[in-house]
Amino acid sequence: MASFVLDDLTLGYDGHPAVHHLSGTLAAGSLTAIFGPNGSGKSTLLKGLAGLLKPISGSIAFQNCSAKSIAYLPQASDIDRTFPTSVADLVATGLYQRRGLFAAHTAQDLADVMQALATVGLDGFSARGLDTLSGGQFQRALFARVMLQDARAILLDEPFSAVDSKTTNDLLAIVARWQQEGRTVVAVLHDEALVHQHFPQTLLLARECLGWGPTQEVLNAPNLQRARHIHEAWDEAAPDCERDEHGHAH
Amino acid sequence: MATLIDFLFGPFIEFAFMRHALAGASVLAVGACPVGVFLMLRRMSLAGDALSHAILPGVAVGFLAAGLSLVPMAIGGLAAGLIVALLSGLVARATLQKEDASLAAFYLVSLALGVVLISLRGNSVDLTHILFGTVLALNAQGLIMIGVVASITLVTLAVMWRVLVLECLDPIFLKTVSSAGPAAHSAFLILVVLNLVGGFQAMGTLLCVGLMMLPAAAARFWAQRLEALCLIAMAIGIVSCWIGLLISYHFNIVSGPAIVLVAGGFYLVSLIVAPRGMFGQKPRRVQHKAA
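Chains as they are written, first to last, in our numbering: chain A, 1 to 250; chain B, 1 to 291.
Just so you know, these hints were derived from the structure itself, not from any lab. All the given hints hold, so there is nothing to weed out.
To give an idea of the chain A side of the interface with chain B (calculated C-beta under 7 angstroms), a few residues:
no., residue
1, ALA50
2, PRO74
3, ILE79
4, THR93
5, GLY129
Owing to the predicted nature of the structure, the values given are computational and were not obtained by experimental measurement. Glycine is no exception: its CB is placed at the ideal position from the N, C-alpha and C atoms.
The following block holds chain A by itself, in its conformation from the complex (with noise of 0.2 angstroms):
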């Protein structure tokens, strides 16, 4: 079982700080939303989850995981839609945790594919190329490749922000899935109905952690008044952040 423990966790750009004095534990086989305003620090925390951001300070533990076996999927992912390739190739790059950089793809791993593809409702797409797919299309396909990743540990970012209802919905079961397998899932969210509907935890984040535990607790309405009144402050002339271990302001 994967977990993550932060421990006064900040990251950020240039020393100003996205995700600030953090501390909480991910547990093993939970699923959890982030929710926040933009600019709040949620896609930070994940890039930072995934291991492609190194904290300003703090720490995340891995706890029977490695930031190399976790399954990342970013918000707007740069892939090259143009790229001369098949969806069942896309899909089958998921099997590196299986076969690395050089080893053949067994029949095996095809029929895997095939059977992620079907799972994701892209029966038939598998000789696709990637230009010919709609945005709800190619996420299902992306998730085909979480699937194959086989994580124990998943990193969504706005997953279901391009997608209409009816994608959502697979995917949404997609995860449940995911869930009852024992994985860990965290998916930053911005719709809040949909989090009370199928997140049991929430992360509610504005730069500083305002509430983190069951959603019904954390998304009340005046956690979210708080969240509303967090700007995106960049000050060049801020203070270095002075603060005890215990995360008070002195």
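Assemble chain B onto chain A, guided by the hints.
Only chain B this time, still in chain A's reference frame:
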């Protein structure tokens, strides 16, 4: 009929230097064309051009040391190309500047330095030889060098195929699953420089990039899969060498530019008639499929 066969094959049957030129240029195409395909897919088509300028000062140092002699010039070119490729990659990683900008800075300095160095001792004929090549003067040494370069290229591409594809297709994914990305990028740049150096005796430092990029760009209009793209680019490259040498022989035209012009012709024809070219996207059938 006999005249046609004589026209198409006669020069190669009759003259050893034509056979050497055809063999050298074709083998060069086999290695350089797939490298060109990857350069194109990485949106680095012009980086190949920049690197081809960058090898000039090294070639010039070899020329200053030993005259128009292949091995010293090749070693110099290889060293200069690798220095520019690796330095610009280093600057791109260490600063905010993107790799194309740092590459431009380094190759311009490199090109100017090269011309100055050659003019110290040589004349404009030497400079023309170095810039545009002498494919008809390929000797055994040059052929061996091209063969070695093509072999290294094909083996390396085969071994690194998956990581090269991932690095073009989805670099963030590669970064999350493996730390091989930067190493693969450097190895690929080394391949580019190797092929440019391998081609400089035949095609010159300026034109060898033509045999690398034009077949790749032409093939892009025909193929939808990477594997097919590489094979079609190789085929276009080899046929360009053959036709280019024929034109060069029969009409007394400089051979290197003739080969590149033929490859350019393939590009233009592909652009117009190929299924993924300018006019290829139009529906060829009045009715469309039901689903």
